[in-house]
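A.B. asks: Reminder that position 146 of the sequence shown reads as 149 in this note's numbering, one-by-one numbering, no gaps.
Warning: the hint list may mix true and false statements.
[Stated by the list, open to error] Capping the alpha-carbon separation at 30 Å, the derived lysine-lysine pairs in DSSO-like fashion look like this:
(1) Lys29 / Lys131
(2) Lys58 / Lys46
(3) Lys29 / Lys47
(4) Lys155 / Lys165
(5) Lys40 / Lys257
(6) Lys100 / Lys29
(7) Lys157 / Lys131
(8) Lys213 / Lys100
(9) Lys131 / Lys147
(10) Lys236 / Lys147
(11) Lys36 / Lys58
(12) Lys36 / Lys13
(13) Lys100 / Lys36
(14) Lys131 / Lys100
What the hints contain is simulated information worked out from the structure, not anything from laboratory work.
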Amino acid sequence: LLLFLQKITKCSYIGEIEEIYQDVSKMRDSVCKAEYKFIYSCKKYLFPTQLLSEKINSADKPHVIIHGIYMPEESFNVSFCDNDVHVVYAGTLDPNKGGANAAILSANYLPSNFHLHILGFGSSNTVKNIMELIGKVAQTAPAKITFEGLLKGKDFSRFLQKCHIGLSTQDPHANFNNTSFPSKILTYLANGLKVVSIKIPVVENSFIGKCITYYNVQSPEDIARAIVLSSQKTDETVKNVLLELDIRFINDLKELLAIG
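Can you make the complete structure from the sequences, with help from the hints?
C.D. replies: Structure follows, in structure tokens:
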């Protein structure tokens with residue numbers, strides 16, 4: 004539609020390109036070509052990572068990098084009122100992204116005072132498979148593990164704020180990791196959580212890269228080690244970092260809009 008509109012009105016538009024869809028799932032050749040045709044037709048861009056800009060902005064068109072929403076969430080002052088370390092994976096349960104399965108299996112290597120919560124969305128079959136895996140792991144894992152279903156809005160924020168650590172455990176070998184930024188990281192930080200992430204360039208080299216605890220290998224053991232290490236770090240608020248990034252983005256966006 005936008006390509007057609009551009010043709011008949013000679014308008015130009017700014018493309019907010021969050022990821023390359025064909026890097027996430029297989030598509031017909033015609034759809035792949037159409038995706039890039041739209042991207043290349045944009046006059047300016049908003050990108051989540053510099054790596055994505057380097058991949059598709061060969062013409063060096065004006066652009067701004069924004070990883071996601073930088074504003075801290077409202078504080079609800081809630082907790083589980085126990086002595087456990089509460090760890091949460093929130094997001095897609097899609098096996099193609101691999102994050103939920105990796106998080107679940109890490110419970111096998113966490114101490115008994117850790118409680119792993121899985122929140123997310125997916126097809127009914129995907130949810131069924133996740134619940135079966137959780138049930139299997141829960142039988143032998145030292146740590147507690149529960150499936151919390153799908154939460155939205157303030158219910159979601161309240162639950163996150165009861166936890167201590169958020170997990171970004173997606174498959175490091177997937178193509179989308181070269182271009183897209185895991186938005187759940189900012190969601191965790193905005194709700195006051197520490198974050199454990201796979202060590203990939205889009206995260207490590209991001210504006211908030213120094214706020215993250217990393218693991219190097221996509222294995223349950225390595226993920227668990229990073230979770231324990233994160234739990235031992237002193238609490239550091241990143242609220243000021245997020246607010247500074249928000250101000251920076253507003254100024255960058257004003258400059259982008261001013262360019263003819």
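A.B. asks: Confirm or reject each hint.
C.D. replies: Hint check:
Proposed proximity of Lys29 and Lys131 is supported: the alpha carbons are some 24 Å apart, at most 30 Å. This hinted pair checks out: Lys58 and Lys46 have alpha carbons roughly 16 Å apart, not beyond 30 Å. A hinted pair counts as satisfied when its Cα atoms are at most 30 Å apart, and Lys29 with Lys47 qualifies at roughly 27 Å. Between the alpha carbons of Lys155 and Lys165 the distance comes to roughly 15 Å, so the proposed pair stays at or under 30 Å and holds.
About 26 Å separates the Cα atoms of Lys40 and Lys257, which keeps this hinted pair within 30 Å; it holds. Taking the CA atoms of Lys100 and Lys29, the gap is near 13 Å; set against the 30 Å cutoff, the hint holds. About 26 Å separates the Cα atoms of Lys157 and Lys131, which keeps this hinted pair within 30 Å; it holds. As the CA atoms of Lys213 and Lys100 are separated by approximately 24 Å, the hinted pair is consistent with the 30 Å bound.
With a CA separation close to 19 Å, the supplied pair Lys131 and Lys147 stays within the 30 Å bound. For the hint pairing Lys236 with Lys147, the CA-to-CA distance comes to about 21 Å; that is within 30 Å, so the pair holds. Only pairs whose Cα atoms come within 30 Å are accepted, and Lys36 paired with Lys58 is accepted, the gap being roughly 15 Å. Taken as a hint, the Lys36 and Lys13 pair is honoured in the structure, with Cα atoms around 22 Å apart against an allowance of 30 Å.
Note on Lys100 and Lys36: the hinted pairing holds, with a Cα-Cα distance of about 23 Å set against a maximum of 30 Å. For the suggested pair Lys131 and Lys100, the alpha carbons sit about 17 Å apart, so the restraint of at most 30 Å is met.
In this structure, every one of the numbered hints holds.
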